[in-house]
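**Student:** Residue-level listing of the chains:
4 protein chains.
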Amino acid sequence: MLTMKRLDLADARLLIEGAARKSQEIGVPMCIAITDESGNLVAFERMDGGKTSSVIVAQDKAYTAAAARKATHDYNKVCVPGNLAFGIHTEVGGRLSTVGGGLPVTVDGEVVGGIGLSSGTPQQDMDCAQAGIDHFMAARG
Amino acid sequence: MLTMKRLDLADARLLIEGAARKSQEIGVPMCIAITDESGNLVAFERMDGGKTSSVIVAQDKAYTAAAARKATHDYNKVCVPGNLAFGIHTEVGGRLSTVGGGLPVTVDGEVVGGIGLSSGTPQQDMDCAQAGIDHFMAARG
Amino acid sequence: MLTMKRLDLADARLLIEGAARKSQEIGVPMCIAITDESGNLVAFERMDGGKTSSVIVAQDKAYTAAAARKATHDYNKVCVPGNLAFGIHTEVGGRLSTVGGGLPVTVDGEVVGGIGLSSGTPQQDMDCAQAGIDHFMAARG
Amino acid sequence: MLTMKRLDLADARLLIEGAARKSQEIGVPMCIAITDESGNLVAFERMDGGKTSSVIVAQDKAYTAAAARKATHDYNKVCVPGNLAFGIHTEVGGRLSTVGGGLPVTVDGEVVGGIGLSSGTPQQDMDCAQAGIDHFMAARG
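Chains as they are written, first to last, in this note's numbering: chain A, -3 to 137; chain B, -3 to 137; chain C, -3 to 137; chain D, -3 to 137.
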């Protein structure tokens, strides 16, 4: 039997809170998705003004980061024509995202969930995802 | 030009809050999804212990209630073999839900969103969805 | 943070072994799928002669039993036209199975995975799934 | 009438055994999928620690290698913008994989199945897939 650690809802709200705060700061309303370690949704918020397409994109980024235990921008680096990882972006029905903005949430060296942001530029999405993790980690003390 | 009324994030949080309160009262942790009037997700929470399959089912119920402007239990009543509406449950890739637990959110006679609950029996899901709407309406005063 | 128990590969092999033994006994080669508690595949075997369509059906049954924490034959009972749960069989892209042969694997009161069998009649599938669980439980002592 | 040669379950277990041995050697727990010559799953194992997203990716690689009778890294080479094969990675609902790690299993000049590995780098996945084939061939004598 394996024993897994998984984000609970309180953890997920902290991640969203930190990401939303940064989104407000930069003036870009976001879709924010938090998944558990297997990639299933725990919490989601679309800030007023967030994009409709980002509802799915944010979830796919969070899924990828958690289930593949890799930041989506790291998949982006290797998903280049001619590289052996090219094509990963169409896997799992296209849910495996190579667009910056998805980060695994790691506690004590174990991936316990994922955070995915979408509506801004990939860099803005990445910055807000990181802000979510920073806030969560600070709250854990 | 059309002008649409749509739930904002604060509205969605109220709907979740009311539904979650009822879920706690009956001791059944739920997945709670809130969509806008077009059926796109605004907010979602999986209470600790909510079912993994309900992550999707709750969203489908909320989608159906909003986009088709009909409670999923009303679709259930007419989705009976021999009735002309039979088969509606397989439409939109199976997303059109006929399982009780999805309710349209109506303000001033206009559907502005949907709420979908999943993890309990359909009747429990319906009760909690209604509690979400009641709480939201009370808060609007 | 939540802590989840999950079947490991050795557990999954035991479940398959018990189910396959029963399948041989009744002379019906089966597809046998074992998922973790979230419904993701841990192990799968198609016995020589198992049906090609059952490759997917067995996985869907195991997914349902684990992710919804319910035997597929229990969903079957309530998925009757006119009942509020009717339509559940088309949810999650049709993956939510109401065909007998999927059982949750429960240890110390917690669902830690699912087993799904397919290729025989639903009753045969159910019997073999139960045999898998019995063998697993016996091996745990 | 055609007569097809197809991996049986004992063959599939040998392929998994060889791949798993190599995975343990390099310290990367893998998802290992074996399909028949038509691309339908015969056996699958997720080693403890294998990635959740790789459950699907491994199966897609094995499917591609068998059904298209081509190593996924060979598809990768030609799936380059400007080349006439570009776009193959989005076909069959994205199941046609161009990510290294899927190899056809060929006996007496005939493709009898496929093996797909996922969780490591594409090169690690390829090495472990090859180790599976080597072990299988050695066991055949």
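Accuracy of the hints is not assured; some may be wrong.
Identical copies look the same in the list; a pair holds intra-copy or inter-copy alike.
[Unchecked claim] Derived SDA-like pairs (lysine to any residue); straight-line CA-CA distance at most 20 Å:
1) K66 to P118
2) K66 to F82
3) K1 to V76
4) K73 to V95
Keep in mind that the hints were calculated from the coordinates and are not lab data.
**Student:** With reference to the structure, classify each hint as holding or not holding.
**Tutor:** How the hints compare with the structure:
Taking the shortest Cα distances, K66 and P118 sit within 20 Å of each other both inside one copy (16 Å) and across copies (14 Å). With identical chains, the CA atoms of K66 and F82 are at most 20 Å apart both within one copy (15 Å) and between copies (16 Å). Proximity of K1 and V76 under a CA criterion of 20 Å is satisfied in neither setting, with 33 Å inside one chain copy and 37 Å between copies. Taking the closest pair of Cα atoms, K73 and V95 come within 20 Å of each other both inside a single copy (10 Å) and across two copies (14 Å).
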